[in-house]
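Letter by letter, the chains look like this.
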Amino acid sequence: MNKKLVIRLLGALLLIEAACMVPSLLIALIYRDPEDAPAIVWSILLMLAFGLPMHLLPRGNTAQNLHAKDGFAVVGLGWIMMSVFGGLPFYFSHLLPTFVDAVFESVSGFTTTGASVLTDFERPLHGVIFWRSFTHWIGGMGVLVLTLALLPKLTGRTAHLVRAESPGPTLSKLLPKMGDSAKVLYLIYAALTVVMIAALMICGLSPYDAAVHAMGTAGTGGFSNYGSSVGAFNSLAVEVVITVFMLLFAVNFGLYYRMLLGDWKSVVRNEEIKWFLCIVAAAMLILAVLILPVYHSFGAALRYASFNVATVISTTGYAIADYNLWPAAAKMIIVLLMFIGGCVSSTGGGMKVMRIIILLKAARREVRHTFQPRNVQKIRMDGRGLEEDAVYQIVTFSVVYMLLVLFGAFLVSLDGHFDLETNLTAALTCVSNVGPGLGAVGPAGSFSGYSPYAKVILSLLMLSGRLEMFPMLVLLHPKLWQKF
Amino acid sequence: MRIMLVGAGKVGRTVAEYLTREEHEVTVIDSDEDVLRRCEDTLDVLCVHGNGANAQTLIDAAVDRADILIAATADDEINMLCCLIGKRLGAKFAIARIRDPQYNESLALLQRELDIDVAVNPERTTALEISQLLRFPFASNVETFAKGQIEMVEFRAQENDAVVGVPLHALPAKYPSMPRVLYAAVEREGKVIIPTGDFILRPGDRVYVTAEMMMITKFFRFLGKGSLRVRHLMILGGGRISYYLAKFVVPMGISVTMIELDEKKAARLSEELPHVNVLCGDGTSQELLEQEGLRDMDAMICLTDRDEENLMTGIYAVRQGVPKVIVKNNRDNYADIIASMGLDSVVSPRLITSSTILRHVRAEIGGAGTKVAKLYQLLGGKAEAMEFEVQPSAPCVGIPLRDLRMRPNTLVAVIARRGKVIVPGGNDHIEVGDRVIIMACESGISDLNEVISK
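Sequences listed follow chains A and B, in order.
First residue of the first sequence: 121, per my numbering; consecutive thereafter.
First residue of the second sequence: -6, per my numbering; consecutive thereafter.
The reader is advised that the hints may include incorrect statements.
[Said to hold, decoys possible] As a list, the in silico EDC-like pairs of lysine to aspartate or glutamate whose alpha-carbon atoms are at most 20 Å apart:
| hint | chain 1 | residue 1 | chain 2 | residue 2 |
| --- | --- | --- | --- | --- |
| 1 | A | Lys189 | B | Asp34 |
| 2 | A | Lys189 | B | Glu33 |
| 3 | A | Lys385 | B | Asp57 |
| 4 | A | Lys303 | B | Glu16 |
| 5 | A | Lys498 | B | Asp25 |
| 6 | B | Lys140 | B | Asp427 |
| 7 | A | Lys385 | B | Asp53 |
| 8 | A | Lys303 | B | Glu33 |
| 9 | B | Lys375 | B | Asp337 |
| 10 | A | Lys498 | A | Asp509 |
| 11 | B | Lys167 | B | Glu152 |
| 12 | A | Lys303 | B | Glu18 |
| 13 | A | Lys498 | B | Asp27 |
| 14 | B | Lys3 | B | Glu302 |
| 15 | A | Lys498 | B | Glu26 |
Don't read these hints as lab results, they were simulated from the structure.
Use the sequences and the hints to build the structure in full.
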């Protein structure tokens, strides 16, 4: 491993993170809450104190030769490091009691999970709360993608970095140059976010509330500055806007770029978006029927069903109702949607719709193969044949994903506080980056009941889920750290 | 500039590497997923999977927005078809690699009818380069500029050479009869240096000198290296380069012995090249080489498809005392090791092709200014020599060089003006119509204005 280069890049990452905290500092200066600005200033200073020497001190030829090994190390270590430093404002402002809580909240922010240990929403800390939602916004599209958009010359061979950070089985490059590609992605992302802020303000939200919820939606995170989440507004208009945008942000961003170019053909050819919309529509209807007994009118049932389907499949995790009170079949739909997640190259989490489609196609092929062994069939996606390697990778990914959820749930259960439903869905919701689970960690509950040990485990699960497991798992592989 | 590259083989990858280094937007099309994957991992390019001669693939890769389309697959036919379709679909400029000698004969017609702007023939260019080396056997590399008036020659400085151990500016005083040449670049320990007057050459340096053709000949005669003339030549391998090379050197009065392993190929060569002594046999066999009089050859050229065979046989020939040995080697990472074994003259069709393609790309970029007319990559691409024909619009015209600002690490090496060759000093100036040769320790210059400004 090229340690000098890795340290240099990690330093750059810290500096970018420090720069990302500046908007929160400005908010803090506007609202003039005590404890607010000092907490952010100290965090920025600490990041500079670590980031500058890390970025500037390593000498030698660091401009090139970023190999797969180094790329994974930068992504894995980088995300851990960012989360630890990103938690500082919560700790310094005493918003959260312990440092583990602060790091958990920050991991939950950057991974766009939105699982929170925060219980006290009354403290006036506008800047820190803004930072909490801002971590969703930068974590959604990816910090390394942002770094490449801002500093494309940082290093050669950037493919490994982006591949490790971007959701989806393939590296989706929109333009020949990685830097340009990253810029386009962030521009589309920022534009959609601004439109959403405007829409929420038209619905009557204050600019601050609108910004917090737009950032939470854009990253498909789910942090709110109210204890009862979006339910606090009790406004149908706000819910509709958030529902629409949650779904929009769970769509492959490459498609928006194609639309901007007027290339509708490749949008129509995209199988994933069609499946995604079908799944969403079907889940909304079925859920509405299932929860009809709880809400009595079909209109109300559809309102809660559609918001919850959008919030879970996009892995956002906003809440307007406590689905713990729903029938078991409805809860099962929520769990299934948690596995699926958004489309590839979106800000959504989960296993991704594309992988589910390919898994189903592979399963169907296997079934046919059992009774017609000589049949040769290539799995097709978007009208093109898929390499067997790619299919194999997706199958492996799915198995590892399931094992991670189950094993994670076991590790969390060792905590001994909660029941099976809570522990299992807590692990699932963290790996899929949704936010709330079922039982004690449901929309009305909080993760604050867990011990520090379980919070560390859940934090690692969130990071593994956001980085699609392998960048985190390679950190555990001894070969990564050995020279040969 | 948007560049579409079809075929990510050896040449394709090298071209893509230089183009991305020069900040172009490069899209690579190839039908092999593994090759593409490697491209994606190591280069900042957009990869598209598919057949480059398929219109749909080209449309998917947005060929209509491409400024330059480069077709460098292994098949001439695909390259031609790709350029034809690409141009119809809106590509502005098309470069195709066409190397079959049969197509070469009707190249002008093909280019016109298929709308190919530039046809690159790596084998022919490589053969041309080797034939130049045979004219200067003492040099390890020769390049001509300004329509052959100026030559740039690389040689390895040796212990007893007159130029070694004296600061360059003191040379004329020490040896008044030494012909004046310009020391354009020196490679020492893997680094390229553009020497100043205080520079002292050491034995083992690779030195590039440039001057008029006659001057160069006189210079090497002064150094005592100009006596050798190639009369008998042995070529190992009967590929396309060998074919073209034989075509070039037979008229120069050189007798050629060519060894080819494949019987059918050997038969066809003997049919196409009646004046060449074609042998069918294993050219790596020392017995065969000795039988055919390797020791008495003036030069041995190894051009088989396998780099290792070329190198090993080349080293054997050096040990047998053949005065001039040239080997083909496409892998530039071994350059230093090869040089240390006594093989100075190494030709790489891959590098030759990529620098030809790059020159055309840069000439397209140049726009209104003074474009690159010839590009030569020295020392495996670590330095470049560029020729510019000065246009009336150039701002540096008529101003003494002393008063102009030069880009760092560049040098105005030679100026060719109306048949005269000037090795410029501070008082000289550039005129319209001059051909100026610039040395640079970097890559990516496409316009004279980037080098010299007021």
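Status of the hints after comparison with the structure:
no. : hint                  : verdict
1   : A:Lys189 <-> B:Asp34  : holds (12 Å)
2   : A:Lys189 <-> B:Glu33  : holds (16 Å)
3   : A:Lys385 <-> B:Asp57  : holds (16 Å)
4   : A:Lys303 <-> B:Glu16  : holds (16 Å)
5   : A:Lys498 <-> B:Asp25  : holds (17 Å)
6   : B:Lys140 <-> B:Asp427 : holds (12 Å)
7   : A:Lys385 <-> B:Asp53  : holds (10 Å)
8   : A:Lys303 <-> B:Glu33  : holds (19 Å)
9   : B:Lys375 <-> B:Asp337 : holds (17 Å)
10  : A:Lys498 <-> A:Asp509 : holds (12 Å)
11  : B:Lys167 <-> B:Glu152 : holds (17 Å)
12  : A:Lys303 <-> B:Glu18  : holds (14 Å)
13  : A:Lys498 <-> B:Asp27  : holds (18 Å)
14  : B:Lys3 <-> B:Glu302   : holds (19 Å)
15  : A:Lys498 <-> B:Glu26  : holds (16 Å)
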